Structures are given as structure tokens and as C-alpha cells.
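Visitor: Chain by chain, the residues run as shown.
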Amino acid sequence: DAKTTQPTSMDCAEGRAANLPCNHSTISGNEYVYWYRQIHSQGPQYIIHGLKNNETNEMASLIITEDRKSSTLILPHATLRDTAVYYCIVRVARSGGSNYKLTFGKGTLLTVNP
Amino acid sequence: NAGVTQTPKFRILKIGQSMTLQCAQDMNHNYMYWYRQDPGMGLKLIYYSVGAGITDKGEVPNGYNVSRSTTEDFPLRLELAAPSQTSVYFCASSYPRGGKSETQYFGPGTRLLVL
Numbered sequence: 001d002a003k004t005t006q007p008t009s010m011d012c013a014e015g016r017a018a019n020l021p022c023n024h025s026t027i028s029g030n031e032y033v034y035w036y037r038q039i040h041s042q043g044p045q046y047i048i049h050g051l052k053n054n055e056t057n058e059m060a061s062l063i064i065t066e067d068r069k070s071s072t073l074i075l076p077h078a079t080l081r082d083t084a085v086y087y088c089i090v091r092v093a094r095s096g097g098s099n100y101k102l103t104f105g106k107g108t109l110l111t112v113n114p
Numbered sequence: 001n002a003g004v005t006q007t008p009k010f011r012i013l014k015i016g017q018s019m020t021l022q023c024a025q026d027m028n029h030n031y032m033y034w035y036r037q038d039p040g041m042g043l044k045l046i047y048y049s050v051g052a053g054i055t056d057k058g059e060v061p062n063g064y065n066v067s068r069s070t071t072e073d074f075p076l077r078l079e080l081a082a083p084s085q086t087s088v089y090f091c092a093s094s095y096p097r098g099g100k101s102e103t104q105y106f107g108p109g110t111r112l113l114v115l
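These protein sequence lines map, in sequence, to chains G and E.
First residue of the first sequence? That's 1 in our numbering, and the numbers climb one at a time after it.
First residue of the second sequence? That's 1 in our numbering, and the numbers climb one at a time after it.
Bound-form chain G, shown alone (with noise of 0.2 Å):
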């Protein structure tokens, strides 16, 4: 799986948005981006994955640049509850391989202030 970088931390106001990127310079074709969370004791939460396509859903948006390398993680209007470690993670998709587990790094810190 490609290599991903996050910024260590991020500070965002609340109501306002969280923008989070991540590189992925050496990202294959068929490699997927892939965003979890992990708040403060608990499991990661996945929150969205895409291609090459921008994706919505009621999360979060991502935006996958034309050539793939880097990815921007949009959270609309953040609160307090979105206080979390944001994990930006690039996975080749199962095609009978046998890399099955996701590779956490240390992601981002967000940290939303009142």
C-alpha cells in the first residue's frame, strides 16, 4: 500500500470547516482513499473512501486530486464531538490478494475549539 502524510495536528473553530489533507504520491491505480477517525478510547470510525471521484456523504466530503497524489478530507461544520485523530489510509482494493489490513499511521490530530 502507498504511503500516506498528515500534518501531526490541525485546529479548527467550531461551526466553521475542517479541511485535512493527506499526500499519497505514490499511490497505484487501483489503490482506494480511504479516511477513518479514532476519537479519544474508542475504535476507529470509518467516515468515507473514493478513487479518483469526489465523495459526499453525510460526514464528511472528500476531494481526490486529478492525479491522485493527494486527498482533502472536508468536515462542513465542525463541532466539538469531531475532536479526534483523522487517519488517512490508501489501500490496494481486494482482488483476491492477501493484503487484508488497514494501515494506520499516526494522522491528525483535529482539535475543534468552541
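Any given hint could be a false lead.
Claimed, not checked - List time: in silico BS3-like cross-link candidates among lysine-lysine, alpha-carbon distance up to 30 Å:
| hint | chain 1 | residue 1 | chain 2 | residue 2 |
| --- | --- | --- | --- | --- |
| 1 | G | Lys101 | E | Lys9 |
| 2 | G | Lys3 | E | Lys14 |
| 3 | E | Lys57 | E | Lys44 |
| 4 | E | Lys14 | G | Lys52 |
| 5 | E | Lys44 | G | Lys101 |
| 6 | E | Lys9 | G | Lys52 |
| 7 | G | Lys3 | G | Lys101 |
| 8 | G | Lys3 | G | Lys106 |
| 9 | G | Lys106 | E | Lys9 |
| 10 | G | Lys52 | G | Lys69 |
| 11 | E | Lys9 | G | Lys69 |
| 12 | G | Lys69 | G | Lys3 |
| 13 | E | Lys14 | G | Lys69 |
| 14 | G | Lys101 | G | Lys52 |
| 15 | G | Lys106 | G | Lys52 |
| 16 | E | Lys9 | E | Lys57 |
| 17 | E | Lys44 | E | Lys14 |
| 18 | G | Lys106 | G | Lys69 |
| 19 | G | Lys3 | G | Lys52 |
| 20 | E | Lys44 | E | Lys9 |
| 21 | E | Lys44 | G | Lys52 |
| 22 | E | Lys57 | E | Lys14 |
| 23 | E | Lys57 | G | Lys106 |
| 24 | G | Lys69 | G | Lys101 |
Since the hints were derived computationally from the structure, they do not count as laboratory data.
Just so it is clear, the structure is predicted and the values come from calculations on it, not from any experiment.
Start from chain G and add chain E according to the hints.
Guide: Showing chain E alone in chain G's frame:
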């Protein structure tokens, strides 16, 4: 659906004791995983299973054993607890989508302290 459930939430073990961490899912997922997370670190895969009766080692399997007799349950066994096994253990499950992306769903975790 309850999703992925884990018991116990917290346990203290003495060195050399054994215990089983329980994990169950009610989403009819074929794939299940055990991860451990040490303080300030990312998750590391211990064991995984692609279906009942099939298990395989992950990155850090030493000191652990697993079994998968049913689709729903995937217990993790520690035979001789060591201080190095002090960690938070997460179970996860997913449904294989034949070459397409898939999402793993995680349980709330079990905190284990070995003294």
C-alpha cells in the same frame, strides 16, 4: 444491529495468566480482524479470518491464538500474559466485495493491563 461487540471492556491480568477476548458481529461479515494499539501508536494486525474455519497471522501474532468456529464470533486467546501485551485490543469485521473497496467496522475495544 449491534455491529461489532467486544467483551470485556477492561481487564487486569497477572504475568503468566491466560484469558480470552471475545468479539462478535451481527452483520453477517465474512472477514474479521484483531488489532492491537499501543499508547500513541497506530493499530497493528494480530490475526485475521476470511471465514469460519479459516484464520491467518497478521503482523504481530506471537503470544496469541484465534479460532473461528462461526461467522459471528472471533475470540482472541492469550495463553501466557506478558507485560508487553498491555495494550488496547480492537476487533473489526468487513464484507468482501469481490475486488471492490470494502470498509472495516470496529468494536469499542478491550483495554488489557498485564502486571
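Visitor: Give a verdict on every hint.
Guide: Hint check results:
no. : hint                : in the structure
1   : G:Lys101 to E:Lys9  : 23 Å, holds
2   : G:Lys3 to E:Lys14   : 38 Å, violated
3   : E:Lys57 to E:Lys44  : 12 Å, holds
4   : E:Lys14 to G:Lys52  : 50 Å, violated
5   : E:Lys44 to G:Lys101 : 8 Å, holds
6   : E:Lys9 to G:Lys52   : 39 Å, violated
7   : G:Lys3 to G:Lys101  : 14 Å, holds
8   : G:Lys3 to G:Lys106  : 12 Å, holds
9   : G:Lys106 to E:Lys9  : 24 Å, holds
10  : G:Lys52 to G:Lys69  : 10 Å, holds
11  : E:Lys9 to G:Lys69   : 39 Å, violated
12  : G:Lys69 to G:Lys3   : 11 Å, holds
13  : E:Lys14 to G:Lys69  : 48 Å, violated
14  : G:Lys101 to G:Lys52 : 22 Å, holds
15  : G:Lys106 to G:Lys52 : 24 Å, holds
16  : E:Lys9 to E:Lys57   : 24 Å, holds
17  : E:Lys44 to E:Lys14  : 23 Å, holds
18  : G:Lys106 to G:Lys69 : 19 Å, holds
19  : G:Lys3 to G:Lys52   : 17 Å, holds
20  : E:Lys44 to E:Lys9   : 19 Å, holds
21  : E:Lys44 to G:Lys52  : 27 Å, holds
22  : E:Lys57 to E:Lys14  : 25 Å, holds
23  : E:Lys57 to G:Lys106 : 23 Å, holds
24  : G:Lys69 to G:Lys101 : 22 Å, holds
The structure is inconsistent with the numbered hints 2, 4, 6, 11 and 13, although it conforms to all the rest.
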